[in-house]
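Following the hints, position chain B against chain A.
Each chain, written out:
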Amino acid sequence: MSESSRKKSSGDVRLFKAIGYPILILFALICVLPFILIVSSSLTDESSIIQKGYSLWPRDFSLSAYRLVFENPIRIVRAYGMTILVTVCGTILGTFLNVMTGYVLQRKDFKWRNLFSFYFFFTTLFSGGLVPWYIMIVRQLHLKNTIWVLIIPTLVSVWYIILAKGFMAGVPYEITESAKIDGAGDFQIFLKLILPLSKPVIATIGLFTALTYWNDWYMCMLYVDKKDMMTLQYMLYQLMGSIKALRELASQTSISASTMPIESTKMALTVVTTGPILLLYPFVQRYFVKGLTVGSVKS
Amino acid sequence: MKKGKKNRTNTNRSRIQEFWLQVRKNRTLLLMLLPAVVLIFVFAYMPMGGTILAFKQYNYKDGIWKSPWVEHIFDNFRFFFISGKAGTVTLNTFTYNLSFIVVNTSLAVGLAIILSEVKNRFFKKATQSVIFLPYFVSWVIVGSIAYNLLNYENGVLNSMIRALGGQPLNIYFTPKAWRLILVLFNAWKGVGYSMVVYLAAVVGVDTTLYEAAEIDGANIFQRIRYVLLPSIKPTIITLVLLDVSKIFRGNFDLFYQLVGSNGALYETTDVIDTFVFRSLLESSDIGMASASGFYQSVLCFVIIIVVNTVVKRINSDYALF
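Same order as they appear, the protein sequences are chains A and B. Heads up: the first sequence begins at 1 in this note's numbering, then just goes up one per residue. Heads up: the second sequence begins at 1001 in this note's numbering, then just goes up one per residue.
All the pointers check out, no bait thrown in.
In silico lysine-lysine, DSS-like type, Cα no more than 30 Å apart, as pairs:
1. K290(A) <-> K1246(B)
2. K199(A) <-> K1124(B)
3. K1061(B) <-> K227(A)
4. K1246(B) <-> K1233(B)
5. K1233(B) <-> K17(A)
6. K180(A) <-> K192(A)
7. K1312(B) <-> K111(A)
8. K111(A) <-> K180(A)
9. K1061(B) <-> K226(A)
10. K290(A) <-> K1124(B)
11. K192(A) <-> K1025(B)
12. K1233(B) <-> K1125(B)
13. K290(A) <-> K199(A)
14. K1246(B) <-> K1085(B)
15. K199(A) <-> K1125(B)
16. K192(A) <-> K111(A)
In short, the hints are calculated from the structure, not lab data.
Extracted from the complex, chain A is given alone in its bound form (with noise of 0.2 Å):
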């Protein structure tokens, strides 16, 4: 290659950079700014915050809304526990149920799979809606304020299933086929062949299981009223949403109702719901972008 070309490639390079790193770096201050801008509230003098406005950096430091939250925090170790207690569940036989559904499902020797693999797949083409669904759950199947409400609906996800079944048709059929000749049952073969093997895809379905049940409002808002069943989002949203709510937490600790910190006490709020989710995220990231990788080579 000449000295010409490669001073050309070089100059191209530079200008590419110039223009794709500024917006690289904007984007990614975007997506952070909006986390430092919370924590930052949160430790806030909440009168600096009703004259000046919330800031990046606290500009009167101050615990007084960590101490509001920590002072009596009944409430929000319930929702913890709740939502602890749900997204375990959840996540544990959700991702088995969707992992065993998606093996069955490719096994070359099983006669109906193609028939209960479209009775799976028709309903991520129909679907009946909110309204039917709400009134069953509701009138006929007498779910509400159950935590089985908060599980049982969304523990089969189809899509889970398709994914399972694909990377499992990836698994040699001579393994299954070997064990049964050597008298092993089916169940048997998947849980002590088949499982061991498929750990890529088990992590995969199981953090975004996980983290679909740790962040769900919806099913909570939905199905339940009590204040003791509630999950930390929707807690945490009814708390945003009512300065009353966030008055009757106060009114629990020894900070009165009318001096309380309103603003900064929703910070605090955020971040100490949000909290775990941040200090995991370095570590599970990179499963998550692998997950990602194995999803979309099979999809």
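Quick look at chain B alone, frame taken from chain A:
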């Protein structure tokens, strides 16, 4: 004649026997399917049957199946269509989703290409992580971030305007502004996810092809235009088609968390999903709620079938099913 009949009952019997034999043979596999089959039946197929509510006068006592039918078949639909609501929410759902597809896809593809050219590993990892981050927080948080930025009293935007001596904007009473705001926040939350998918596609591009183009003297813009983009075209088309097939399904989380029950903004922010939700839970008009929901279900079904048929005819590789 008599013999033929006897034969047929014989084959019928043997067919039933054969069926039960198959059931017995596959009983473990069938049992393994059972939980998912039952759950899908209860939470997907029964609600599908429940769409007949659109043609019923629902009452609590008789339930979905036994409530009486409406007098004229489209009674429940009448108000939804005559009031013009149907047109407004359908158009809103369509235009928002279309803008989401265009904005998110171009941003995600663009950022993925830029990111793939970054040589510094730390910078690359850091920017990717930061852009992916909003995907992980709940829509409740997104709603509260929007409020912090935009509210009249002490929102960041208005604080800045005040500091510069301007008139603060009452954004929560300005319907038009939300056409832009909703698109921006949707991009903020969703671009990272698509970017990671496209980045995987970019990384998967045959490097020899790329290097050959470089040796042939193609500059970086030509390489992107003529090598990279054509190579990731299948991924782009697949993802866009998936979105297009959902074009009449509004993102309830986004609209509900950012706009909520702020009636001043409905004109520009009401989508089919939020309308159905309000009819069901706020005005408890089950007739209209199920009629508008039924209308959406049918619309979505038709669009998926149409998109798939058209795509199949043009290039069957991209068919959804």
